[in-house]
Amino acid sequence: MEINVADAPALPEPLSPEQISLGKELLATMIRIRTLEEGIERHFLAGEIPGFAHLSIGQEAVAAGTCAALNREDYIASTHRGHGHTLAKGTPMRTMVAELFARETGVCRGKGGSMHIADFSVGMLGANGVVAGGFGLVTGAALSAQLLGNGRVAVCFFGDGATNRGPFHENLNLSAVWNLPAVFVLENNHYASTTSTAETMKIEDVAIRAAGYGMPSEIVDGFDALEVYRAVQSAVARARSGGGPTFVECKTYRIRGHYIGDPERYRSKDEVEARKSDDPIVRLQARLGEALSSAQFEAIWAAAREEFAEAVAFAKASPPAPASDAFVGLFVGDRDKSTVYGAFAERESERF
Amino acid sequence: MAHSITFSEATLEAMREEMRRDPTVFLMGEDIAKQGGIFGQFKGLPQEFGFERVRDTPISEAALVGAGVGAALTGTRPVVDMHFADFITCSMDELVNQAAKLRYMFGEQCSVPMTLRAPDGITKSAAAQHSQSLEAWFVHTPGLEVVVPANARDAKGLLKSAIRSDNPTLYFEHKTLFTQKGEVPDDDDFTIPLGKAETVREGRDAAIITYGITVGRALEAADKLAREENIEVRVVNLRTLWPLDYDAIADAVAATHRVLVAHEAVRVGGLGGEIAAFIGEHCFDDLDAPVLRLGAAHVPVPFSPGLQDAMFPKAPAIANAVLDLVRNRR
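So the protein sequences, as listed, match chains A and B.
With the numbering used here applied, the first sequence closes on residue 352, and no number is skipped along the way.
With the numbering used here applied, the second sequence closes on residue 330, and no number is skipped along the way.
Isolated chain A (complex conformation):
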């Protein structure tokens, strides 16, 4: 039998030692995110986590690849599906879990929860309960970086749904015309809540919209963490050197429902099953091949599980956010009773 060489799938280039080292780092980040989110799912279903929670299982390569291309001082703004971004940017798992458990030791003192988690100590400007809420924050953070000349870059994570909102248009245009050091990373998981992109836009590649703003763009395989890293790293380098913003579209897929408990009537089980082979963890493990032994792979998982167990123990040992905290923390100075705001907080808290 003759083999037609042109028809055979191209073998990937062998990884360089640097790529192997980076790949291991990205794999560890993705496994930490997966472990965190599978744990959140269990504790949410057990009734230990109040509110809403949205999981990014299947999309971890975007968070891991993007944040690996950033410095600690660089900024990110995230979405309602932001656990992965937050962890990848450097927020400790224990203060994240404590926040989700509504504890005083949570990174937002138990006032934000899953949808509004932020960590300014690592440049994480917040998950956002409003779809497209991050665009303005990133444009502004990039503007301040430009004005202050501090060399920082701001990255906006957003989904396909956000690209149909007005702030997407206004902020991409403004960032482009002012040449701001920003990177817009689209996680195209093909669903806005329950509605597929096929029903909400007439284009296949959202990245073509960037051309309308005079902004360069790139489309990458969002299941391939190394590819996401390569594209974002190049966009970050352009932004940092004064070349302005870039649009990076990561084609990915959300394996879980829109929220924990979503009955998922809008898509078939077969569709979801078919995408499981794209799992970014499986893909990167395969790509690393013999460079990563199965013992090493298991050790990464074990470390992540241990980290999560420690985080849950920390959260459970922490007191809940105190009720008196409801009345303060709105204005600068309102914890100080001698200020005008302190007096207001005092009056309000006496009413109940």
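Hints listed in this document are in silico derivations from the structure and should not be mistaken for laboratory results.
Even glycine gets a Cβ: it sits at the ideal position worked out from N, Cα and C.
Keep in mind that a hint or two might mislead.
[Claimed, not checked] A few chain A residues facing chain B, derived, Cβ under 8 Å: (1) Phe135; (2) Ala309; (3) Val312.
[As the list claims (entries may be wrong)] Now the in silico label distances, taken between C-beta atoms and shown as ranges: (4) Thr195(A) with Asp31(B): 37 to 43 Å; (5) Gly342(A) with Gln47(B): 50 to 56 Å; (6) Pro319(A) with Lys43(B): 52 to 58 Å; (7) Ser16(A) with Pro23(B): 53 to 59 Å; (8) Arg240(A) with Asp189(B): 34 to 40 Å; (9) Asp288(B) with Ala317(A): 57 to 63 Å; (10) Pro23(B) with Gly90(A): 25 to 31 Å; (11) Met92(B) with Arg335(A): 46 to 52 Å; (12) Ala250(B) with Gly342(A): 15 to 21 Å; (13) Thr194(A) with Pro23(B): 47 to 53 Å; (14) Asn97(B) with Ser234(A): 30 to 36 Å.
Place chain B on chain A using the hints.
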């Protein structure tokens, strides 16, 4: 010592002094840099501070306020000009869900030292979409400071305090006031503290609690009542609507026992309701008459001058309401 300048010039002085004092202060808005603003309130600033710090922007209110919040979170003090207050509606998410909430929601990790300048109010048949006074919406929203200057002195002192404030501050400036002259202190460091009202006229027979453009109208009414009816009216200029100076309100009730609350904003759901309710709850024993409220009728602002002038309170309506109060006609 003091000098006499217009309200517009007073805001210009405030911005110039604050920009000299703090290199992280910058301005952005539509038509502010090359045109100098609709009321000349930005004239000359780019020549001194450059077009990087005084920026003309696209017509993108959501991006302006959103970027203002982002810049404020990350080490600068933006002053965003809203062109007309009516257009705040195009940036409500950025203001209400982002600016007002981030500090609280993120457990005090951040602050939003942004000032939003918003020219508002009824003037010269600007009609329904360029005449509104929307301050009550933002007093109702926890997390925003709301400032309303009544004259040139207020304009300067309050704008400087707004820019220096570490909280998001809305600065509502009435379009009619921009050309009005007033005495402003010469001191470069002159500020007016947020959250403190000013008694601008003493009087024992009744009190008018008011703010912004209506302060001048209340003073005109008070002078007429003193001249023609021998009635002495205290006038309280609130200056800041949040934090609201409830103590000054209670003091005015205790001193006069009769209170009128007046504003140009629509009466229904307006700030007058909050003030009247506060007086009812906390100062009932001091009252000799029910608290009266004056505000615009519950209709959009019409174009025709005759219709426009019929639907919001000016000095004669304010004087009549005080007479009703003093003579127990209500």
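For each hint, the structure was consulted:
Because the smallest distance between the Cβ of Phe135(A) and any Cβ of chain B comes to about 6 Å, under 8 Å, the interface hint for this residue holds. Hint status for Ala309(A) relative to chain B: violated, with the closest Cβ pair at about 25 Å, above 8 Å. Interface restraint check: Val312(A) against chain B, minimum CB-CB distance 20 Å, threshold 8 Å, status violated. Checked against the hint of 37 to 43 Å, the C-beta distance between Thr195(A) and Asp31(B) comes to roughly 39 Å, which is consistent with it.
A beta carbon spacing of about 42 Å between Gly342(A) and Gln47(B) contradicts the range 50 to 56 Å that was offered as a hint. Look at Pro319(A) against Lys43(B): about 56 Å separates their beta carbons, and that is inside 52 to 58 Å. Checked against the given bound of 53 to 59 Å, the beta carbons of Ser16(A) and Pro23(B), roughly 45 Å apart, lie outside it. Taking the beta carbon of each, Arg240(A) and Asp189(B) are about 39 Å apart, inside 34 to 40 Å as hinted.
Between Asp288(B) and Ala317(A), the C-beta spacing of about 60 Å keeps the proposed range 57 to 63 Å intact. Remark: the range hint 25 to 31 Å for Pro23(B) to Gly90(A) is upheld by a beta-carbon distance near 29 Å. The given range of 46 to 52 Å is broken by Met92(B) and Arg335(A), whose C-beta atoms sit roughly 29 Å from each other. Ala250(B) and Gly342(A) have their C-beta atoms about 19 Å apart, which keeps the hinted 15 to 21 Å range intact.
Between Thr194(A) and Pro23(B) the CB atoms are about 49 Å apart, so this pair conforms to the stated range of 47 to 53 Å. Between Asn97(B) and Ser234(A) the beta carbon distance is about 33 Å. The supplied range of 30 to 36 Å therefore holds.
Checked against the numbered hints listed earlier, the structure breaks hints 2, 3, 5, 7, 11; every other hint is satisfied.
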